[in-house]
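Novice: Sequence:
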Amino acid sequence: MSKRTAKRRQGGFNAEHYEEEKVRALFPGTNWSPDDNEPMRDQRYIKNVKPRSEGQARLMTAIDDHNLVMAMGPAGTGKTYLAVSKAVEALESGQVGRIVLSRPAVEAGEHIGFLPGALEEKLAPYLRPLYDALADRLSPKRLKALMAEGLIEIAPIAYMRGRTLNNAYIVVDEAQNCTYGQLKMLLTRLGWNSTMVVTGDPAQTDLLPEMSGLKDICERLEEVEDIAVVRLEAKDIVRHPLVASMLDVL
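Just so we're aligned, residue 1 is where the sequence shown starts under UniProt numbering, counting upward by one.
Hint data in this document are derived by calculation from the structure and do not stem from the laboratory.
Built from N, CA and C at the ideal position, the CB exists for glycine as well.
Hints may be right or wrong, so weigh each one.
[Claimed, not checked] Derived pair list, reagent style DSBU-like, types lysine-lysine, alpha-carbon separation capped at 30 Å:
no.	residue 1	residue 2
1	LYS50	LYS122
2	LYS144	LYS122
3	LYS122	LYS141
4	LYS50	LYS144
5	LYS122	LYS235
6	LYS122	LYS215
7	LYS184	LYS122
8	LYS50	LYS235
9	LYS215	LYS235
10	LYS141	LYS184
[Said to hold, decoys possible] For each label pair, taking beta carbons as the anchor points, the in silico distance ranges come out as:
no.	residue 1	residue 2	range
11	ASN193	ASP216	24 to 34 Å
12	ALA234	PRO116	14 to 24 Å
13	ALA75	ASN48	16 to 26 Å
14	GLU210	GLU149	40 to 50 Å
15	GLU233	GLY117	35 to 45 Å
16	LEU151	MET211	27 to 37 Å
17	MET211	PRO125	18 to 28 Å
18	LYS141	GLU223	41 to 51 Å
19	PRO241	SER93	19 to 29 Å
20	GLU149	MET211	28 to 38 Å
21	ASP206	GLN95	31 to 41 Å
Please build the complete structure, drawing on both the sequences and the hints.
Specialist: Below, the structure is given as structure tokens:
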């Protein structure tokens, strides 16, 4: 039995003195407490995502109105985040039965060799941006449970041939690193009661320019009814303002 517990039982424990000596204010000089509804926290969970530019508003409307959306735009325009956020909303509301995430396993100009572990562990570094977006919309416990139950599935592009994805929300990220044949195969996996959002930036492909099929696919699909092709611009960038400035000169 500790001395502190013994003092409590004997009635000799001075709680006020202990609080004064040991407890410190979380934010000195303020009256903030976790119970107050004041915007002093660094981060807080936002249930509903709102567009921060006209381009993002067009993308969110297109996702709501179409089963297949091609989103192209420069880095920092929120393509991946909005796609994953809509996927989480659809899953939580019961509109779909699962989320399928796919991304090409292509390094950004650098090959680090073979990765250890199971399939999910090998793909984890490539899917980190998707995990970050999921973690921002779901608690860690909830995210882990959904992945364990198979309601959030990691689907390598190499193993998508022959599948039919029914009652699913599919997000294909970094599509500029897919060839024309890969994108054609992915797009034709769409099944009943499913939505697919393909995101990418043709200007940042890690393949040879003539190998990337995103730009060609988007130009062809613009003529197809009921398929939305949304092109975001530099004014839709929501990262640091320097990102937009750099992209203007790089």
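Novice: It remains to establish, for every hint, whether it holds in the given structure.
Specialist: Now the hints, each set against the structure:
no.	hint	verdict
1	LYS50 to LYS122	violated (34 Å)
2	LYS144 to LYS122	holds (17 Å)
3	LYS122 to LYS141	holds (22 Å)
4	LYS50 to LYS144	holds (26 Å)
5	LYS122 to LYS235	violated (36 Å)
6	LYS122 to LYS215	holds (28 Å)
7	LYS184 to LYS122	holds (25 Å)
8	LYS50 to LYS235	holds (17 Å)
9	LYS215 to LYS235	holds (20 Å)
10	LYS141 to LYS184	violated (36 Å)
11	ASN193 to ASP216: 24 to 34 Å	holds (29 Å)
12	ALA234 to PRO116: 14 to 24 Å	violated (40 Å)
13	ALA75 to ASN48: 16 to 26 Å	holds (25 Å)
14	GLU210 to GLU149: 40 to 50 Å	holds (42 Å)
15	GLU233 to GLY117: 35 to 45 Å	holds (39 Å)
16	LEU151 to MET211: 27 to 37 Å	holds (34 Å)
17	MET211 to PRO125: 18 to 28 Å	holds (22 Å)
18	LYS141 to GLU223: 41 to 51 Å	holds (45 Å)
19	PRO241 to SER93: 19 to 29 Å	violated (35 Å)
20	GLU149 to MET211: 28 to 38 Å	holds (37 Å)
21	ASP206 to GLN95: 31 to 41 Å	holds (33 Å)
In this structure, the hints that do not hold are numbers 1, 5, 10, 12 and 19, in rising order.
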